[in-house]
Amino acid sequence: MTPGLSGLKVLAPGLHTTVQDLGRIGYQNVGVPVSGALDGFGLRLANALVGNLQGAAALEILVSGPSFEIAAGKVRVALVGAGASLAIRGERPRTVSEGQSTTLLQGEVVQVVVGRQSACCYLAVEGGIAVPRVLGSASTYVRAGLGGLNGRALQRDAVVPLAIGCASERGELRAPVMPPAPVDRPIRIVLGPQHKYFRKEALTTLLDAEFRVSKDTDRMGMRLDGPLLHHSTGWDIVSDAIATGSIQVPGSGQPILLLADHQTTGGYPKIATVISADLPRLGRCRPADRLRFVAVDPEAAEELCRQAEREFASRIAVLEPVPDSSGLNLGLLYGENLISGVTTGFE
Amino acid sequence: MKVRFLSAGDRALVVEFGDRVDRALSERVLRLDAIIRSNPFAGIVETVPTFRSLAVYFDPLLTSRAELQRAIGPLLGRRDHRRGAASLWQVPVCYEGEFAPDLAEVARLTGLTPDEVVALHSGTRFHVYMLGFLPGFPYMGDLPAQLALPRRADPRLRVPAGSISIATSLTAIYPCESPGGWHLIGATPIRMFDPERTEPALFAPGDAVRFHAIDMAAFVSIRQAVENRSYKVESEPVAI
Chain F
0 MTPGLSGLKV LAPGLHTTVQ DLGRIGYQNV GVPVSGALDG FGLRLANALV
50 GNLQGAAALE ILVSGPSFEI AAGKVRVALV GAGASLAIRG ERPRTVSEGQ
100 STTLLQGEVV QVVVGRQSAC CYLAVEGGIA VPRVLGSAST YVRAGLGGLN
150 GRALQRDAVV PLAIGCASER GELRAPVMPP APVDRPIRIV LGPQHKYFRK
200 EALTTLLDAE FRVSKDTDRM GMRLDGPLLH HSTGWDIVSD AIATGSIQVP
250 GSGQPILLLA DHQTTGGYPK IATVISADLP RLGRCRPADR LRFVAVDPEA
300 AEELCRQAER EFASRIAVLE PVPDSSGLNL GLLYGENLIS GVTTGFE
Chain X
0 MKVRFLSAGD RALVVEFGDR VDRALSERVL RLDAIIRSNP FAGIVETVPT
50 FRSLAVYFDP LLTSRAELQR AIGPLLGRRD HRRGAASLWQ VPVCYEGEFA
100 PDLAEVARLT GLTPDEVVAL HSGTRFHVYM LGFLPGFPYM GDLPAQLALP
150 RRADPRLRVP AGSISIATSL TAIYPCESPG GWHLIGATPI RMFDPERTEP
200 ALFAPGDAVR FHAIDMAAFV SIRQAVENRS YKVESEPVAI
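Respectively, the protein sequence lines represent chains F and X.
Every letter in the first sequence is one number past the one before it in numbering that gives the first Met the number 0, and letter 193, counting from 1, is 192.
Every letter in the second sequence is one number past the one before it in numbering that gives the first Met the number 0, and letter 221, counting from 1, is 220.
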């Protein structure tokens, strides 16, 4: 690699690893999707753990994790994603769980291991990822080749450029462990904007039946397996805008739940929209996961959004130092080496 | 049709003016968009005009649907406000050979000669209703009624960048290679979307567009100039 350039050398790219931030705002009127992290809270927590602004660019890792060689003096990272961990190889092999920061040294190899509970996780790096912003955002939108690292998902042998080459001297932080969210809690939706285009039974089915995330799932959206939702007045509507979380139903009756990279407009009726507080849960789903829906009114959905933000703020407020006993604290490690050296000297 | 306020989740309020592709309806959408853009309220994140509605994206931490609806309601009756500046673009199109793979079929289906199809397409001034589908993809209308055809039964997996297409009452330009189901009757060498530009999309909703026929030699030389960034698409301001 170029001397003087600090980065993470990609040994294996993982299934779909992209640079994301909180999205490209203000260009949907010319057809540019928002993109950004599927789980915005995950990205923000990862950044907070390494001392970045919460909306800084980080790596979004889907389903299977990449591995990197550290091509920088000292890099502080934090991984966030339920059940995920970093497996670090080098002179001092160790495993660091998600939800805390850790510092990696030049030449170490780190493998991101994605957990069962969440299909997506975020790896933030202190100082951030040094990619140019395109239309105000570092988020990668692969379909049009915008943002991120040359508009693409990470490729083998690429180098993820880092803004700083030497992590600051400070202790590591961790987030208090959250009680696991009940897995069977229904996803909350607001009906519409085109629920009137459907038969009454379709609405009952949407709220009563169980759906499964199909294999046709990516950052644009997820097709749902389950009962079909039948239209009453035709399925080819005059195009209008699509909000993230829209459940659009094409002629087949099979619903498609639209995620961060969705088209800005479309011509299929949208029976409902997932509330923003529950969008991160969708990002964490993987094929075969079961989903149920429950309707809330728009005012309640707004209040749930505010509540989710308050809960996140209170979580960020109580980040705590990683205790020395974890054996992952560099300060402690150096201390141990020193003591060991002195002891040897006495023999 | 009465204006309706629809929720698209907790972050978007859709102001719906109708359910058709219609110039008068489009003017109402664009006028509301211009009013909101010239005087944005706290909490509005962005707006997206479409054929029939204006989507107003908002941040529920700063405002609410109820508050926006109260603020937008009184704007709907305003007739004094003109929508923002618009341009008339002159777009060069090669309607020949490999650039027009569906021209013969369109002629057959419409009972016209290929030259008549080209004359109708290049003889019409189009209105940019909206952009969507892909970054910089303009939906323009209305086609002369003789050219109205349904989408192709068999969509293509790869439509080349710059393709000029028609379907239903509309015409469009593919800004980049993409799958597509419209009929391809020509191609333009100009760049519809460039993230390096201050305004990344060439056209804005509400602009006007005319196409003029060029031959293959002109196509090649314009494309060269576009690549060298020395080509400027002809345009003039239009009164609204």
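Hints were generated in silico from the structure; no laboratory data involved.
Just so you know, not all the hints are guaranteed correct.
What the simulated footprint calls covered on chain F by chain X, stretch by stretch (three residues with Cβ under 8 angstroms from a Cβ of chain X suffice, anywhere in the stretch; the number is not a length) [claimed, not checked]:
1) 13-27
2) 42-55
3) 227-239
4) 256-269
Residues of chain X clear of chain F, computed beta-carbon distances all greater than 10 angstroms [what the hints assert, rightly or not]:
5) Glu26
6) Gly76
7) Arg107
8) Pro199
9) Arg209
Because the structure is a prediction, the values reported are computed rather than measured.
Built from N, CA and C at the ideal position, the CB exists for glycine as well.
Item to check | Status of X:Arg209, Cβ more than 10 angstroms from any chain F Cβ | outcome: 20 angstroms, holds
Checklist entry - Per the stated criterion, does the least C-beta distance between X:Arg107 and chain F lie above 10 angstroms, as a non-interface residue requires? => result About 24 angstroms separates X:Arg107 from the closest Cβ of chain F, which puts it past 10 angstroms; holds.
Item to check | chain F versus X:Glu26 - minimum CB to CB distance exceeding 10 angstroms, so not interface | outcome: X:Glu26 clear of chain F: closest Cβ-Cβ about 16 angstroms, beyond 10 angstroms.
Item to check | Outcome, coverage of the region 227-239 of chain F by chain X - at least 3 residues whose beta-carbon is closer than 8 angstroms to one in that chain | outcome: Holds: 4 residues of the region 227-239 of chain F have a Cβ under 8 angstroms from chain X.
Next on the checklist: Verify this label for me: X:Gly76 is non-interface relative to chain F, using a Cβ-Cβ cutoff of 10 angstroms.
Outcome noted: 22 angstroms, holds
Item to check | Verdict on chain X covering the region 13-27 of chain F, where coverage means 3 or more residues with a C-beta closer than 8 angstroms | outcome: Holds: 4 residues of the region 13-27 of chain F have a Cβ under 8 angstroms from chain X.
Checklist entry - Is the Cβ of X:Pro199 farther than 10 angstroms from every Cβ of chain F? => result X:Pro199 is in fact no farther than 10 angstroms from some Cβ atom of chain F, at 6 angstroms.
Checklist entry - Checking C-beta pairs, does the region 256-269 of chain F have three or more residues closer than 8 angstroms to chain X? => result Holds, because 5 residues of the region 256-269 of chain F bring their Cβ atoms closer than 8 angstroms to Cβ atoms of chain X.
Item to check | Within 8 angstroms of chain X's CB atoms, at least three CB atoms from the region 42-55 of chain F: coverage verdict | outcome: violated (count 0)
Hint compliance for this structure: hints 2 and 8 are not met, and every other hint is.
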